[in-house]
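K.L.:
In case you want the letters, here they are:
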Amino acid sequence: MKSVVTTVIASADAAGRFPSTSDLEAVQGSIQRAAARLEAAEKLAGNLDNVAREAYDACIKKYPYLNNAGEANSTDTFKAKCMRDIKHYMRLVQYCLVVGGTGPLDEWGIAGQREVYRALGLPTAPYVEALSFARNRGCAPRDMSAQALTEYNALLDYAINSLS
Amino acid sequence: MDKRFFNLFNLTEDQAIALLDTPQAQISENDSRYIAASHLVNFPTERSIQALIRAVQQTDAMLENRIVRRKSVETLGRLQAKQALSVISWCLSDEDCYTVENAVWAIGEIGTQDPLILEMITRLLDKPGQIYRVIIHTLAKLNYQPALERIRRFTNHSDPPTASAAITAVCRLTHDTTQMVQVVAMLQHPNVLARRLSIQDLIDAQYDDAIPDIARCPVSLVFRLRGIRLLAEAGFANGVLTFTKIQAYLEQTLRDHPQDLRLVHSYDRLPELPALIRQLYETDFGRCYLATKTILEHYADAAPAALFAAYAEEASCDYGAHFHVVKLFGWLRHLPAYDLLLEALHNRQPQFQKSRAAAAIALGELGDSRAIPELQSCLDSNIWDLQYAALMALEKLGDRSDYANLMAADNWFVREKVQAKLAVIN
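Taken in order, these protein sequences are the chains called P and Z. When we follow the numbering used here, the leftmost residue of the first sequence carries the number 1, and every step to the right adds one. When we follow the numbering used here, the leftmost residue of the second sequence carries the number 1001, and every step to the right adds one.
Among these hints, one or two may not hold up.
[As the list claims (entries may be wrong)] Calculated lysine-lysine pairs in the DSSO-like style (CA-CA distance at most 30 Å, straight line):
#, chain 1, residue 1, chain 2, residue 2
1, Z, K1127, P, K2
2, Z, K1396, Z, K1421
3, P, K2, P, K43
4, P, K87, Z, K1293
5, Z, K1245, Z, K1082
6, Z, K1082, Z, K1141
[To be verified] Stretches of chain Z that chain P covers, calculated by requiring three or more beta carbons in the stretch to come under 8 Å of a beta carbon on chain P:
#, segment
7, 1017-1026
8, 1095-1105
9, 1186-1194
10, 1317-1324
In short, the hints are calculated from the structure, not lab data. Beta carbons are placed, not taken as given, at the ideal position from N, Cα and C, and that holds for glycine.
Bound conformation, chain P alone:
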């Protein structure tokens, strides 16, 4: 699983060298941010269902044209698709907070997933919008500390960027 630590060691090993000063600084930075990441991971794990539900409910409320009835235009389509996928991506975001790198999102959520969405004509817009809402909704210190929120938002940005 890719993290700052495994990336540094893998590059050093590939070149047959010890980690450089800048490598060690990167590891040090990651360790310093670990407490904030784990705080965010804990808060997210304890509230995953609510975060996901709130994201898609708010998204539907935000876009009145999503409320029209009918088959492919129905809100049910949007809701069910969005809820399932957003929970999946939130879980991967939580793993990334624990790992201290984007490995879980890269390996299980992004690599190849874009190709699958394109090939099957599946919409990315609903969860890009819902994840954007989740990113904008987080509030410090109400939900978590400011440092923890920074770590959480950075990973949400990463997921939004990679899925769109």
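Starting from the structure of chain P, add chain Z where the hints point.
P.N.:
Same frame as chain P, now just chain Z:
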């Protein structure tokens, strides 16, 4: 191309163009340019294409704009807008690897034999941090022979799906299929995306020898059916396949019993039933099939009550778990689930589409002849896998109608199935 979801946002063309043209800083909280860029796929007009081109030319690097640019490139590809080729080619040198990926893909959709563009795409193989699969796919699709040796270097790439794409591209460019067994082996990769993507590569290579292996690959049947259908259609058109050769694999896939799959996961000890029920919500269907198999083998008596509870609580609106609950009630031959299965059979919400064919198969397993007219009413559907699954279920329920009217069905498999039935009757 499945277009069920294209019209999700119900905007008019004028509204979508106006949104896309609004500067990002002036977008109201209630609107999204990203949705507008997605939605214009429904309007193959010069006005929409020009609006999308203008969006690609907006190069502000902020996240909200970057994702709009990328989506606009993708939509231009879907619209096969030749007039956008130069602006899309300009994106090939973008710093953002996903913009580059979408640009390469869009060029593949539009199609070109311009050697300058093709060489620009090939040179991306030497650039670190790119999504090489789509680059390799596009070069093979456009049959760019000068890229062959540069693609060949990727056949041993450390990322299995990249290696798989490269082996496939070499096969397509040289017509030498000897290495395709490596792609077939990828159908058993522990990573679900690697398994799904290898099916795409087998389709691209028209490697129909892999149909029996695809039928046993532990991914959602949507991917397996797509693979078998596209390979069979190509093989039939080329005169190398007949329906008889693939019928058993097709029906095995539509039936979709976990005992017919080669599962890649295993448990080190038997999980409790609630943990197995949770597994039905996984996005990796390989894990769901393992849970289903384990439930059938170890918890057949306790499972129905737990499945009804899961359905009431959450599975009725999770399109993955919904599918597996429907399947399980069929394998358990649990008659009290009849009404639930009937509802699933007639559920027209698009995200539950695959549960409809699953419900048909499950009703066949239940053995209750009340289901016969319900299944017959599905034969008029335009969803071919539902039609076919309904025919299989009717067969299982002993219905002896000939369904000769389905000889005019849109789908080749359905027509062949009916023809085979008629041959037996006559």
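K.L.:
Determine for every hint whether it applies to the structure shown.
P.N.:
Results of checking the hints against the structure:
1. Z:K1127 x P:K2: holds, 21 Å
2. Z:K1396 x Z:K1421: Given that 30 Å is the threshold and the Cα spacing comes to 13 Å, the pair holds.
3. P:K2 x P:K43: holds, 23 Å
4. P:K87 x Z:K1293: This hinted pair holds, its Cα atoms lying about 25 Å apart.
5. Z:K1245 x Z:K1082: violated, 40 Å
6. Z:K1082 x Z:K1141: Holds. K1082 (chain Z) to K1141 (chain Z) sits at ~17 Å (cutoff 30 Å).
7. 1017-1026: Since 0 is below three, the answer is violated.
8. 1095-1105: Since 3 is at least three, the answer is holds.
9. 1186-1194: holds (count 3)
10. 1317-1324: holds (count 4)
Comparing the model with each numbered hint stated earlier shows that hints 5, 7 do not hold.
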